[in-house]
Amino acid sequence: MTIGWTTAHVPTLNEAPQIFLEEQLARARSGEPAALKSLIQAHRRLVYSLALRMLGTRDLAEDLTQDVFMQLHAKLKTIESPGHLTFWLRKVTTHRAIDQLRRRTRVPMTSLQDEHEGSAVEDGGDPLWQRHLRLLLLDLAAPARAVVLLRFQEDLDPGDIARTLGMSVNTVKSHLKRSLETLRQRTIRP
Amino acid sequence: MSHDIESKLRTALRPVTPSDEFTQRLVAQITAQGAASAAARRRPLAGARRYGWWVSAGLAASLVIAIGVQRHIQEDRDRENGAEARREVVEALRMTSQKLDLAYEAVKSQSPEAGAEQPRA
Chain A
1 MTIGWTTAHV PTLNEAPQIF LEEQLARARS GEPAALKSLI QAHRRLVYSL ALRMLGTRDL
61 AEDLTQDVFM QLHAKLKTIE SPGHLTFWLR KVTTHRAIDQ LRRRTRVPMT SLQDEHEGSA
121 VEDGGDPLWQ RHLRLLLLDL AAPARAVVLL RFQEDLDPGD IARTLGMSVN TVKSHLKRSL
181 ETLRQRTIRP
Chain B
1 MSHDIESKLR TALRPVTPSD EFTQRLVAQI TAQGAASAAA RRRPLAGARR YGWWVSAGLA
61 ASLVIAIGVQ RHIQEDRDRE NGAEARREVV EALRMTSQKL DLAYEAVKSQ SPEAGAEQPR
121 A
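Chains A and B, in that order, are what the protein sequence lines are. Take the first sequence: its letter number 71 is residue 71 in the numbering used here, and every next letter is one higher. Take the second sequence: its letter number 120 is residue 120 in the numbering used here, and every next letter is one higher.
Hints were generated in silico from the structure; no laboratory data involved. Don't take every hint at face value.
[Said to hold, decoys possible] Across the chosen pairs, the derived CB separations fall in these ranges:
hint, chain 1, residue 1, chain 2, residue 2, range
1, B, E75, A, K75, 27 to 35 Å
2, A, G166, B, R10, 58 to 66 Å
3, A, R104, B, R10, 23 to 31 Å
4, B, Y51, A, T78, 19 to 27 Å
Note that the Cβ used here is the ideal one computed from N, Cα and C, for glycine as well.
Please work from the sequences and hints to get the whole structure.
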């Protein structure tokens, strides 16, 4: 059975009510392709954003997003609830990104194309300044980068970050403190 | 200053949505993977592949047992052949012994007459 692509609106993670996600998860676990598609659409933003900010390029982020959802499809039976699903996606995405970065000797520079994200102008912020901040983030070590992203992109508290990354809360706090200090020093304009 | 960088990070790190084209591709791939794995589950061969290790181990164990049984049968057969050969040798010796006894008796029964005539001649 194949799924036809429709332009019908599927709620993203922030928009989707819990009951909708629970229902979709149950249906996806029973092998319904349409429900799996809804889950992917609801969570693609989360996975892709983490992958993009961790790895720095759109191509790598798309590859990682694909791998994560493939793995999710294989492990769907073990996912117990929508909360567990979100936790699992954050955990697998960050761990796989950290593994990739550790294997790589050099962090690639983010291209202008990859940075065409469109949020800055909407917020009235300086797009160049935000791009500069995102590039500075790529200079942080992989675990520290993951901690910063989970804190400021995903808005998790240190306890949740510790559980996601398998670190102690003190290590998370230490990464946050050092990373913010580094970013602050590097963003001071002369 | 710290709060300043934090708010700037929150703004700079707003989640981004991947392109619809990518999402479409992703959904198609995962659906295809699902269909492929469902088809594999339906095939009996897929079960054998999943338990391939156990099947191999079972085959290896069967082979070892078969070789052991074969060797045991061969040893039994050799033992029987040996016993049969021994019986034949014993029988041959017994027959030879009988023939020798007969020959001896014949020689013995003829010996006095021959012995008596010879000195006279």
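Between Y51/B and T78/A, is the Cβ distance one that fits in 19 to 27 Å?
-> holds (21 Å)
How does the Cβ-Cβ distance of R104/A and R10/B compare with 23 to 31 Å: does it lie in that range?
-> Cβ of R104/A to Cβ of R10/B: about 27 Å, so the range 23 to 31 Å holds.
Okay, G166/A versus R10/B on CB: inside 58 to 66 Å?
-> Given a distance of about 25 Å, which is not inside 58 to 66 Å, the answer is violated.
Supplied distance hint 27 to 35 Å, evaluated on CB atoms of E75/B and K75/A = violated (54 Å)
When held up to the earlier numbered hints, the structure conflicts with 1, 2 and fits the remainder.
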